[in-house]
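The listed protein sequences correspond, in order, to chains Y and H.
When the letters of the first sequence are read in order and numbered with the numbering used here, they come out as residues 1 to 255.
When the letters of the second sequence are read in order and numbered with the numbering used here, they come out as residues 1 to 88.
Think of the hints as simulated: they come from the structure by calculation, not from any bench.
Incorrect hints may appear among the rest.
[As the list claims (entries may be wrong)] Here are a few chain H residues that sit away from chain Y, every Cβ distance over 10 Å (derived from the structure):
#1 6
#2 7
#3 21
#4 31
#5 46
#6 48
#7 54
#8 64
#9 65
#10 67
#11 85
[Unchecked claim] For the chain H half of the interface with chain Y, some residues (derived, Cβ under 8 Å), not all of them:
#12 13
#13 66
#14 69
#15 84
A quick note: this is a predicted structure, and the numbers were derived from the prediction, not measured.
Note that the Cβ used here is the ideal one computed from N, Cα and C, for glycine as well.
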Amino acid sequence: MISNTSQKILDFVKKNEGTDPKGIVTYLGLNASGIFRHLKKMEQNNFLYKVGKPPKVRYYSYVTNINMESELLQNGINWAVSGDTRLIVSDQLCETRDIFQARSNRLLNDLKRIVKNENLVYLIVAAIGEIGNNSFDHNIGRWRDITGIFFGLDEKSRTIIIADRGQGVQATLKRVRPGIQSDAEALNVAFLETVSGRDPEQRGNGLKFVKKIVEENQLYLKLYTGKAVAEITKSEMKITEFDTVIPGTLTYLIF
Amino acid sequence: MRLELKKFGTVLTSRPSGKEAYLAAKAYTLPKDVAEKIEVDFAGVEVLAPSWADEFITPLLADFFGNVTLLPSANASVKATLEIILKK
Numbered sequence: 001m002i003s004n005t006s007q008k009i010l011d012f013v014k015k016n017e018g019t020d021p022k023g024i025v026t027y028l029g030l031n032a033s034g035i036f037r038h039l040k041k042m043e044q045n046n047f048l049y050k051v052g053k054p055p056k057v058r059y060y061s062y063v064t065n066i067n068m069e070s071e072l073l074q075n076g077i078n079w080a081v082s083g084d085t086r087l088i089v090s091d092q093l094c095e096t097r098d099i100f101q102a103r104s105n106r107l108l109n110d111l112k113r114i115v116k117n118e119n120l121v122y123l124i125v126a127a128i129g130e131i132g133n134n135s136f137d138h139n140i141g142r143w144r145d146i147t148g149i150f151f152g153l154d155e156k157s158r159t160i161i162i163a164d165r166g167q168g169v170q171a172t173l174k175r176v177r178p179g180i181q182s183d184a185e186a187l188n189v190a191f192l193e194t195v196s197g198r199d200p201e202q203r204g205n206g207l208k209f210v211k212k213i214v215e216e217n218q219l220y221l222k223l224y225t226g227k228a229v230a231e232i233t234k235s236e237m238k239i240t241e242f243d244t245v246i247p248g249t250l251t252y253l254i255f
Numbered sequence: 001m002r003l004e005l006k007k008f009g010t011v012l013t014s015r016p017s018g019k020e021a022y023l024a025a026k027a028y029t030l031p032k033d034v035a036e037k038i039e040v041d042f043a044g045v046e047v048l049a050p051s052w053a054d055e056f057i058t059p060l061l062a063d064f065f066g067n068v069t070l071l072p073s074a075n076a077s078v079k080a081t082l083e084i085i086l087k088k
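The shape of chain Y in the complex, shown without the other chains (with noise of 0.2 Å):
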């Protein structure tokens, strides 16, 4: 149970992620020391949580409603929206790619033990690879604040993740197609066309590999980034607006 300030301030915060404790006091006209106790005991349940040391502190809403099963997916999630370093354990984050490459392997590994089918394996492995190098390849050199990526495997609920504090796809392919207007005209134009932020190179497959491989491998993906998610499956892609801003991108991978 919530109560009614405390929902407000809820409220608030999910419009205005990042927030800091003056906005929403500001925001509800309240007594601040009575703002800060709800904001605590919020923190405790899990509502909402914050990120900084005084003076400069930064409230966001736990992000909840997409798969409650993983634990890891909900930090992974948290973290691509906030860059809170305490949502995830230094193993989980590749600072470079070298790193990244080696885990990989261990992925590899740990799927062989998982899934029977080898090639199967492989096609997952390959298609992280291609997700998460997107990451460095991107952003390298102009990450928001956190150098590097996300990646995790929840073998409970077989899911793999991938997020990064980078710019985000609109962002990345704006520099050559500057026409795009939306995060979610971004996505349909990386999953759909071949066409690369790094032109002239030769690039731009990576993201059609991936949902080909999801599709005819029954697999199950959602890419975030900005304002938009896009949703593979063995039928069909769907791309919709997301409530809460991933600044970068955040992937997971069902198989």
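Go by the hints and put chain H onto chain Y.
Relative to the frame of chain Y, chain H by itself:
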């Protein structure tokens, strides 16, 4: 000559490693005569992704135009990758 890709690794996924592998192959492994026939052998490769292949296979096919044979592979990632990079 037969070019064994497993000598460059069994998980071939990133662009920088594909690029580096091709530069090394040009320096030490590939024939200097571009008219020489090359057979690319995928045996032993577990994972091949388009990023790596785009930096290795694509320039190899261009540099030794008409003289490269990609040997058949039963590996699904090799097949899917070749299908997508050769379609361009």
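> Taking each numbered hint in turn, which are not upheld by the structure, reported in ascending numerical order?
Replying inline: 5, 6, 7, 11, 13, 14
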